[in-house]
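Asks: Residue numbers (UniProt numbering), protein chains in the order written: chain A, 1 to 643; chain B, 1 to 643.
The hints are simulated quantities; they were obtained by calculation from the structure and are not laboratory data. Beta carbons are placed, not taken as given, at the ideal position from N, Cα and C, and that holds for glycine. Just so you know, nobody snuck in bad clues.
Some chain B residues judged to face chain A by a derived CB distance under 8 Å, without partners named:
id	residue
1	Pro63
2	Pro216
3	Ala229
4	Arg232
5	Gly389
6	Val391
7	Ala448
8	Ala572
Stretch by stretch, here's where chain A covers chain B in the computed footprint (C-beta under 8 Å, at least three residues):
id	stretch
9	116-130
10	141-154
11	175-188
12	199-206
13	316-328
14	554-567
Number of protein chains: 2
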Amino acid sequence: MTDAPRAPSHAQDQFLNVLSRDAAEAAFLDALRPAPLGVQEIGLDGLPGRVLARDIAAPVDAPPFDRATVDGFAIRAADLFEASAARPVHLRLSPETIACGTAPMLPVTPGSATPIATGGPIPRGADAVVMIEHTEPDGDGIAVARAVAPGSHISFAGSDIARGQTLLRKGTLIGAPEIAMLAAVGIDRAPVWRRPRVAVLSTGDELVQPGQPLRPAAVYDSNGPVISAALRENGCEAVHLGAVPDDPQALETAVRAAFAGHDALILSGGTSKGAGDLTVRVIEGLGAPGIVAHGVALKPGKPLCLAVCDGKPVVVLPGFPTSAMFTFHDLVAPALRAMAGLPPRGAARVEAILPLRLSSELGRTEFAMVALTEGPDGLVAHPVAKGSGAVTAFAQADGFVTVPALVDSLPPGTRAEVTLFGPRADAPGLAIIGSHCVGLDAVLGRLAGRGIRARILATGSQGGLAALRRRECDIAPIHLLDPETGAYNAPFLAEGMRLIPGWRRMQGLLFRPGDPRCEGRGLDAALAALLADPEAIMVNRNQGSGTRVLLDGLLGGARPPGYWNQPASHNAVAASIAQGRADWGMAIRPVAAAMGLGFLPVADEHYDFAVWQDPRDPAALAAFEAALADSAPELAALGFVRA
Amino acid sequence: MTDAPRAPSHAQDQFLNVLSRDAAEAAFLDALRPAPLGVQEIGLDGLPGRVLARDIAAPVDAPPFDRATVDGFAIRAADLFEASAARPVHLRLSPETIACGTAPMLPVTPGSATPIATGGPIPRGADAVVMIEHTEPDGDGIAVARAVAPGSHISFAGSDIARGQTLLRKGTLIGAPEIAMLAAVGIDRAPVWRRPRVAVLSTGDELVQPGQPLRPAAVYDSNGPVISAALRENGCEAVHLGAVPDDPQALETAVRAAFAGHDALILSGGTSKGAGDLTVRVIEGLGAPGIVAHGVALKPGKPLCLAVCDGKPVVVLPGFPTSAMFTFHDLVAPALRAMAGLPPRGAARVEAILPLRLSSELGRTEFAMVALTEGPDGLVAHPVAKGSGAVTAFAQADGFVTVPALVDSLPPGTRAEVTLFGPRADAPGLAIIGSHCVGLDAVLGRLAGRGIRARILATGSQGGLAALRRRECDIAPIHLLDPETGAYNAPFLAEGMRLIPGWRRMQGLLFRPGDPRCEGRGLDAALAALLADPEAIMVNRNQGSGTRVLLDGLLGGARPPGYWNQPASHNAVAASIAQGRADWGMAIRPVAAAMGLGFLPVADEHYDFAVWQDPRDPAALAAFEAALADSAPELAALGFVRA
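With the rest of the complex left out, here is chain A:
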């Protein structure tokens, strides 16, 4: 049984005590005092990625004995002191031969040589090894035509690792080099910090697990899997318990069970005030001191709830994916890393120029995700403004810019510090900013096959041209109609730019099949019927897009209902109509076909690629042109005609 639907009301509490980011962090760490949970012994195979819980002393020397580092003969250097090509020295052979694994029984006496293999133990009396290549057979012995420095080709016992030395220090993150050191002194297991076992539970009636069919008004639970993955990246064992509906009894049962059986509990969803305080009420009963922060002056991430109950962290992350991941990495992961015995994650930082103003709200620490491209004056940080509900922003962004609480905006041209998500600022081989088209996916697939990584930022045609003008991207895909000349794209180029011809794609008016205002009619008649009906709701496109220009031309000055719904993609327009939220809009034909919508052709648009005549990377651009030619079959299958 679930409760009645939760929705906002003025009676509910708002966040009464919104803490600053730093105050929330301090309160959380103060109540938690995160520390490793305990020690376990792990065998060599399982050690990579683990953290040593104690210093490790070497129980033996490595190498364990003086050994030969080449194939040759163990000798006394003094015997060869006067050896030369003119006067080779004869040495008699010892009756003993030393292979790897053979303990020598006889000393090397003056005037003698003992054959020895690489890795073999140096016999007593010898103080050097002469390489076999530097000797000749000579009767019952060998002739040596050069002197050898004492100590040559010997690796001395303990010279690499000395018995008793601290081999590896507590807190070391184990990788392959550390495995080599442990194995070399015969250690086959080592004490490491136990991994925190963290329960992950999503809450909300609307959640459906991936792999299941999506109900109306429901969304997939992406937070559960991604929080689990992020926990594993931070040295924890994640136990993903799925989603629990907003039923007080079910929630309480699930939360209590998850809390009891694990070292930490991460919930997501259910903190937004409108979604009710069910979760928060359950947490308050788990243990002392309970909730230490609920509502943090962070964007994204305000609804974050941090609690410590009986020494365990309990966190409610915001339901929206970007908010959830930012708050996780900023405030939760550091505490969990300390519990796992891991050092803080050292985030790399680079400086980059902001091409546009970055606005922020005073009094709130804001994180803005950015994608980096190579500009004429260094790296350029393009905001990836996707909203906190987006899941693609993290994959498209290279890092984020922090706007401090006391700053209200960063003006264009600001050199901002970008905290990178990865270890390096890898600006892509080709930066493509402008209008997106499904056909571009095919071209980029071909380009990837040629080993060139491209990044697309879908800003619309105008945004792309502006970025190209500032040389902040390599290619601007555009489809802009010049109303004066009726020509596409070329009239919009700046001096020194050229067009790589792309393809033609049919734009048209989309409607649900059977709509009597459109079905069986021509474009003009259908449009007239739609505009005449106050119940007919349109869906528009974002400003700066070529489709918007086309639509505005079609509408004259009309502003029919729905005009202000301005999604940023063809697919969003089609989805809105297919789902009945709107009745008509404009998009390209393959998108209409994919969703089974009716289509009235409007314009055979030219989708081309603006570039500079003197590009930053001519080879990468040539590869793009070749990939474009390769993509003919995919483009034809989409109904696009190559220009």
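Based on these hints, arrange chain B on the given structure of chain A.
Replies: Below, chain B alone, put in the same frame as chain A:
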């Protein structure tokens, strides 16, 4: 049954065709043509770290419907166009309330508002959401005192991910952001490249597995575990089969079984010519084309053997650990990564100054491992010259310098390119170059507890002072006796340097208990007896060490047998005596005690720390001094007396 011990003889083949590194690589890749092995479907939890084998198209939109991004009321923006604080607009409430997971049934009509929770689907007719914080209860409805832009607080269907778009491209390495994208469109499993299953087999009579007791003349098999770890880091499944002795029958059986059951086979050891050609002969029978390179002009790594048999790579890595890991990373890992579908490992590179000449052999590509410190003119690359048998070099080094085949040396001051092992050049907080002492381990343990990472390079006192003079390190631990004044350390400081007092440690003459030349005698009598006996073999220390200075003073000009054995540590000296390879030498008392050796005191040495009066990082140096004070108990336990 094992064969008779293998040892070098002039009758054996030398490497007949030593190929250049590039020729060996070309021959190997040409015969192998490495490509992914096949596709498997993996569930979300198992996907991180895997590589997509196909493009993934989004089966649904994300978000799947237009949804509210705040708690508030779905409204028509036109209704609020003229709303202001002076003239709030009244909207009547719709009878419907939209929570997450609730599909709206009623449209928003002019003049009305529908309560909606964050994430709730926008009802038909509404084109914006007004935040609950910006409204007041007003009779049976709400009052709104500000205008709202159309589209406000709505996340449009498909605006993040549009149905049909290429969500993730073939070849993508999956991390948490990609998990979020897959989950958000309901995908719970994805096709990834199958991981190559690689068998790892060590060969050699001398090998003992870690965890087992070490026989005389035997060494631990460190290559097996470390190659397994490196394989896993490069996207392979490693199957470590242990070690097989040098018995032709056993070797053939083991190699054939490992080859048959896996996608690739990596052997280590057994390629050095002196160790015989057993392994190579077995490989020749495995399949065509067989061995493509045996002997490569690489240092370290010459004995490398590369083969391709029936389409599978078969590699014999050199037995010495550093050689094995360099050749693995340079020539083997790239092919295995291609088989795993992984992109080449992008190694980061930095420029650093060489403080000393780096010599190389013409005609051979040489890799020199280096540790980085911060110098006055940027990073300094100190060679970590440990020999190819060392296992600690990889852990101490930050990367390597490549000396091309046609260069015979790089002079001091060269700005060389360093290929980093890790993602970043992390020069440590404190660079300590000079003499090593077991007491220093205790101090560094305390320092690590204060959060400061230090790097020690054990070059001996003189090398440390030279590095300090060039300001390439922060601290030089020294114990140098000035024979003229009888004073320690202070006479050696340059102007502007000072000493941090360390501790006193007793140096003495070491011997096996019961040795009649020493037991029960005083130092002078013992030394006289040892020098008088031509059978008494000493073990010396490396030049530049303080102990060597002390010993040379004790010996006058004498050069007794063993004088040229010059290991670099106290422990190596003690081990040599304990194992009977030498009879006497000099080391500090705790080392003698640890190995149960006799000890005749020679000098109460002062081990101090030379630093600049104007250090690079005063805070880190202060932390070092504090850690030194903290270490009093550990130092006392070692028998050291704080100065």
